[in-house]
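Place chain B on chain A using the hints.
For reference, the chains in residue letters:
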Amino acid sequence: MSKPDFDFSKYFEVPDEWIESALNIPNAVNTRPKVLPIRRYVAAASIVLVVALGISVFFFFGNKKSIPVKPDNSGIAVQSASESVTASDIGGAESTQTPRDAKTQPATGSRNDRSTIPTHSTQPTQAAVSTLPQAAESSSAPTYVSPAAELPQSEPTDAPRYQPTHKPVTPAPPSPTQPKAAPTSPPATSSPATVSPTEEQKKTGIIRMPSSAIEMTAAADEEIRLYCRVYDSQGRILGDSDPYGASHIVDIEAGSEAYEQVGTMYSYSFEYLPSQVSGTLRYQFYTRGDHVVYTGTVTI
Amino acid sequence: MPKTYAGICYDDVVRTYAQTVASVCMMQLNHPADAEDCFQNTFLKLYTSSPDFKDERHLKAWLIRVAINECKSTLRTRSRTLPLESVAQIPVFMKESDADSAPAVLMRLTPKHREVMYLYYCEEYKIDEIAKILGKNVNTVKTRLRRAREEFKQLYGGDDFE
Numbered sequence: 032m033s034k035p036d037f038d039f040s041k042y043f044e045v046p047d048e049w050i051e052s053a054l055n056i057p058n059a060v061n062t063r064p065k066v067l068p069i070r071r072y073v074a075a076a077s078i079v080l081v082v083a084l085g086i087s088v089f090f091f092f093g094n095k096k097s098i099p100v101k102p103d104n105s106g107i108a109v110q111s112a113s114e115s116v117t118a119s120d121i122g123g124a125e126s127t128q129t130p131r132d133a134k135t136q137p138a139t140g141s142r143n144d145r146s147t148i149p150t151h152s153t154q155p156t157q158a159a160v161s162t163l164p165q166a167a168e169s170s171s172a173p174t175y176v177s178p179a180a181e182l183p184q185s186e187p188t189d190a191p192r193y194q195p196t197h198k199p200v201t202p203a204p205p206s207p208t209q210p211k212a213a214p215t216s217p218p219a220t221s222s223p224a225t226v227s228p229t230e231e232q233k234k235t236g237i238i239r240m241p242s243s244a245i246e247m248t249a250a251a252d253e254e255i256r257l258y259c260r261v262y263d264s265q266g267r268i269l270g271d272s273d274p275y276g277a278s279h280i281v282d283i284e285a286g287s288e289a290y291e292q293v294g295t296m297y298s299y300s301f302e303y304l305p306s307q308v309s310g311t312l313r314y315q316f317y318t319r320g321d322h323v324v325y326t327g328t329v330t331i
Numbered sequence: 447m448p449k450t451y452a453g454i455c456y457d458d459v460v461r462t463y464a465q466t467v468a469s470v471c472m473m474q475l476n477h478p479a480d481a482e483d484c485f486q487n488t489f490l491k492l493y494t495s496s497p498d499f500k501d502e503r504h505l506k507a508w509l510i511r512v513a514i515n516e517c518k519s520t521l522r523t524r525s526r527t528l529p530l531e532s533v534a535q536i537p538v539f540m541k542e543s544d545a546d547s548a549p550a551v552l553m554r555l556t557p558k559h560r561e562v563m564y565l566y567y568c569e570e571y572k573i574d575e576i577a578k579i580l581g582k583n584v585n586t587v588k589t590r591l592r593r594a595r596e597e598f599k600q601l602y603g604g605d606d607f608e
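Chains A and B are the protein sequences, given in the same order. Take 32 as the starting number for the first sequence in this note's numbering and just add one per residue. Take 447 as the starting number for the second sequence in this note's numbering and just add one per residue.
To be clear, the hints were calculated from the coordinates, so they are not data collected in a lab. Keep in mind that a hint or two might mislead.
Stated by the list, open to error - The list that follows gives simulated cross-link-like pairs (lysine-lysine, BS3-like), each with its CA atoms no further than 27 Å apart:
(1) K506/B with K572/B
(2) K599/B with K41/A
(3) K518/B with K41/A
What the hints assert, rightly or not - Derived DEER-like restraints, expressed as beta-carbon distance ranges:
(4) P448/B with L80/A: 40 to 50 Å
(5) P497/B with N58/A: 18 to 28 Å
(6) K588/B with E51/A: 37 to 47 Å
Ideal placement from N, C-alpha and C gives every residue a C-beta, glycine not left out.
Chain A on its own, in the form it takes in the complex:
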């Protein structure tokens, strides 16, 4: 067989019409009116517009400052600060009660006698009976314990957050931002005839409650936070453990030792002015959502 001949031109010759048409291309191109590519312009303008709009929106919202977070100076915070005052803040301070203030003390106690321990009954509405703390320890009843005996007497370095006042009737609410009050001692250069003003010291009361007295059901691994609130005889709140803060009483976990152990005590301490508070106080143990689980009374 002979060597194959791949010469295409032998079999296919270009038609003359094709060549003429190709030769007429320059004329056709030059005579054709130029049309503005409006679609391209519109598309390009749209892209530019969208990009510019996006950038402007970005900068507009980017310059907006976020909502400023103010320091928490609300009442809750103040209350938390006041509650954080331990009994040692006032435990070592010399009381400056006036004789009139002393009248509000229980008859069995003197000015510095902080061992007066009123107790209350285990029943919510039952009147409390005064007992000694030794008796309260052995009893399963919730007790009101004065912290004087168990708290240190030294003055803490941080300032006390209560405001001493000469008008015990309308005590100023404690504020952590408030400057520290001047000591209650009278100025040394004052006239000896002037009677030095006496300021009332707050007292800290502790309510203790056996855990067995409160029956609560908790699911597995459920954490129940218990809070306490104390009212005076006129219904005013003397202290609250601040459900929104960290000063809850205790965490109860189902199955935990604290939950099942008999004799575990829930305790809550609050401060009061002896001149303003007297008689029977009412307290409540409650869980989140103001679900009261226990109500009791205590007599000061």
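Chain B in isolation, oriented as in the chain A frame:
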């Protein structure tokens, strides 16, 4: 002032390379109408784009490459339809007596093998030049050419060409 391409005016370019471009188009498409469209588009691009060419060989390679790309674009657009001419055993531009000729057998090869064989044997390009025109690797072109030869031998029956 008329445009020139590698020192050649447009009309001379058309007359000189019309046969080459037309053959490429017919080899790829085997359809006179589509081949004419690709032929015209190839020279239209030459005129509108006006690229710079080093020499005539560069110009010819550019025309072949543009013609092949135009044919592939046409093949993509008509991929859903199959022209009657493409299924014929004999190319439309040949007589029945030329059915056993080498170009007729070449037209029966697969498109990839056909274009490599055409550029190598008809246009007498080297392998590296074919690789540049097709935008393929040299080894790819070699492989395609070897397989195209084997296919051509089976159809043509000869074995005395390399």
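Here's how the hints hold up against the structure:
1. K506/B with K572/B: holds, 14 Å
2. K599/B with K41/A: Given pair K599/B, K41/A holds - Cα atoms ~21 Å apart, limit 27 Å.
3. K518/B with K41/A: With a Cα-Cα distance of about 25 Å, the restraint between K518/B and K41/A holds, given a limit of 27 Å.
4. P448/B with L80/A: 40 to 50 Å: Cβ of P448/B to Cβ of L80/A: about 43 Å, so the range 40 to 50 Å holds.
5. P497/B with N58/A: 18 to 28 Å: Distance hint for P497/B, N58/A holds at roughly 21 Å.
6. K588/B with E51/A: 37 to 47 Å: holds, 40 Å
This entry satisfies every hint, going by the numbered hints stated previously.
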